[in-house]
Amino acid sequence: MSVQAPARARGRAPDRTGPTRIKGNGLAFWLFFTPFLVGLVVFTIVPLIWGATLSLFEAKGTVLPTDFVGLANFRHFLVDTAFLKSLRTFTVFALFIVPVTMVCSLGLAVLVNGLPRFQSFYRSVFFLPTACSYVVACVVWRLSLFNGLESGIVNQILGAFGLDAISQWLSASPYWWIVLVSVRLWLQVGFYMLLFLAGLQAIPSQLYEAAAVDGLSPGGFRMFRLITLPQLRTTFAAVLLLLLIAAFQAFDEFYNLTGNNPETRPPLVYLYNIALGSQQDFGTGSAGALVLTAIMVVAGLLQTGLLGFGSNDEGRRRFALRLRRGGRSSR
Amino acid sequence: MTAQMHIVGSGRRSTGLVLRYVVASVLALVFLIPFYAMVKTALSTNEEIYTSEFTLWPAHPQWQRIPELFADPLFLAALRNSAIMAAVSTSLSILIAALAGYALARIPHRAAKPMFMLVIIVLLVPATTAFVPNFIIVASLGWIGTLRGLIIPGLFSAFNVFLFRQFYLGFPREVEEAAYIDGAGFFRTFFTVVFPNTLPFASALTVLGLIGSWNAFLWPLVVAGNGQGAMTVQIYLSSFLTAQTFDYGGLFMAATISLLPVLLVFFILQRFLVAGIAATGLKG
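Just so you know, the sequences run in chain order E and Z.
The numbering of the first sequence is our numbering, which starts it at 1 and goes up by one.
The numbering of the second sequence is our numbering, which starts it at 1001 and goes up by one.
Calculated directly from the structure, the hints in this document are not laboratory data.
Computed from a prediction, not measured in an experiment: that's the story for all the values here.
No residue lacks a Cβ here, since even glycine has one placed at the ideal position from N, Cα and C.
Incorrect hints may have been included.
To be verified - Covered by chain Z, according to a simulated footprint, are these stretches of chain E (three or more residues, beta-carbon under 8 Å):
hint, segment
1, 27-41
2, 47-54
3, 286-298
Claimed, not checked - Residues of chain Z clear of chain E, computed beta-carbon distances all greater than 10 Å:
hint, residue
4, Ile-1066
5, Leu-1069
6, Leu-1074
7, Ala-1077
8, Thr-1146
9, Pro-1200
10, Asn-1226
Bound conformation, chain E alone:
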C-alpha cells in the first residue's frame, strides 16, 4: 500500500498546532484510524446499544431480548434494597479508604522527599506492592496475615501488644473493613505517593526561602501547613477523584476476600452476581450497568472538568489557574 504525499510547499508559514499542511490522501487517514474505529464500534458502541436495548427487556439466561418490560428493570434496580445496600457499602468503604490512603501517601511522600540519600531505594520499596495483583495480595491477606490462627502474623503482632488474637477477620463487621482497607492501602499507596512526590518536587524552592526569611522555621509544621499543603492542592484534587473512582470500581478484593456477602458487596460485585451469577439476568444486569455507567460518567465529567482528562501537567496547570481565578472572583 503506497500512499504518496507531495512534498510540502516551501515558504508557507509553519503552523505548529494544526495538522501538517501536507495534502493528505483521504485514504491514509482511514487506513490509520480504521483499526481503532472498528474495535470501538464492535466492542464499545454496539455493546452499549445492545445493553441499553436489553435493559428494557426480560433476558434471563439469554443475551437476546425476550419480553418487553419497559423500565421495570430500572425500577427493580433503583428501588432494590440490595443495590442501595451496595451503594452504602461503597460509601463506608470510601469513607475509610480515601482519607487513609490520602494521609498515608502524603506522609510517605514527605518522608521520602526529605531523605537526602537512598531516596530511590525507599521509593522503590513503597512502590513495589503496586506490581502485585489483587488476587495475590488477597491470598496473602486471607490465608496468611489475617488467617485467624494464633500463628497468623497480624495476630502475632496483636499478641506482642498484649491483645487477644482475632479469629473472625473476614466474618464479622468491624474486622473485615480492616482487612479490606489494609489490602487496598498496601497495593495502591505507593502509586499515590508518587503523585504527591511529583507535586512536592514541583514546588519552587524560592517559596520556602521566602517563608524562611519571613521567620517560619524550616521544615517545621507551620511551613508545611502554610506553604506545602496549599501548593499541593491540585494534587489533592487529583488524588481525591482518582481514589473515589477507584473505590467505586472496587471488585477484586471484595470478590476474593468476602465473596457475595450482602453486607460487604460493592456495586460491581452486586452487578456481577446479577448478570453473571446463578441468575444470569442480563436484562436487569444491563439496566444496572447503565445506572453505574451514568454515575461514573458524572464522576468522569467532574474529573475532566477539574483535571483536563486527569492526564497531564498542562491540565493540572489549567485547573490550578481556574482555581486561582475562581477563588479570586468568588470572594
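With chain E held as given, fit chain Z onto it using these hints.
Quick look at chain Z alone, frame taken from chain E:
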C-alpha cells in the same frame, strides 16, 4: 536535593535525619511483610501452616512444590495464557492507539474533528462497568473461554488514542518533513521515522499495560468460562482461594511464581513507570 532540606543546628538536624531513616526503614520492612509471608508460606509444609506456633522460617523448605506446579497442566496453561495476553494486548493496543492518534494529529481530513469528538465522548464511558454489555457481545461471537475473547475487546483504548494524539501534536515536524521530501508516504514515514521515535513515550504505557493485563481480574473472570482456553494465572489463583483449597502451600507457591515475571518487568522498567506516572498521573 529539595526545598525541604534546610540549615538547622547541625546536631538537631542529624538526629532528625537519623529518626527519618529509622522511620523509613521500619515502614519499608512493614511494606515487605506480605512478600515475606507469601514466600514463607509457599515453602512451609501444610502442617506448619496450620499450627498455632509461629516460626520465622520453615524448618524444611518445600522446594519440590516448584516442579510439582510446573507439572500441573492447568497452571501451565494459565501461565501461558497470561503471558500471551500481556504481550499481545499490550503491543497491539499501543500500535492501534498510536496509528489512530497519529491520524487525528497529523493527517488532515474532514473526518478528523468528528472522530476526535467521538474519542472524547467514549473516554467518559468507564471500562469496568462495560463487562456486562461486553460479555453479551463476546458470548454472541462464541468467544467465551477463548484467548480472542480475553484479548480483543480490551485492545481499543480511547484514553491511549487521546494520549498519542497529544504526543504527536507536539512531535517535531522536521523529522517527518524530511521523510516526505524523500518521497516516503504516510505509512513509510510512520513506521520508519515516527513510530520508532514514539517508543520512549510509549514505554510507560508498555509497562503499565504489561503489569495491568497480567494482573487483570474482572474481565478474565467474566470470559474464562470452563476449561483452560482463557484461564489466566489470576483466575487460577482465585479459583483455589475462593474454593477454600486445603493445599495452602501449593497456592502460595503458585502466587509466588505468578509474581516473579511482574517483579522482573517492574525492576527492569521501573524508571519509565515512575517517570510516566509522575508526568501523566495515570494508571492501568
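These are the hints, each one checked on the structure:
| no. | hint | verdict |
| --- | --- | --- |
| 1 | 27-41 | holds (count 11) |
| 2 | 47-54 | holds (count 5) |
| 3 | 286-298 | holds (count 7) |
| 4 | Ile-1066 | holds (17 Å) |
| 5 | Leu-1069 | holds (14 Å) |
| 6 | Leu-1074 | holds (16 Å) |
| 7 | Ala-1077 | holds (17 Å) |
| 8 | Thr-1146 | holds (15 Å) |
| 9 | Pro-1200 | holds (16 Å) |
| 10 | Asn-1226 | holds (13 Å) |
When held up to the earlier numbered hints, the structure conflicts with none and fits them all.
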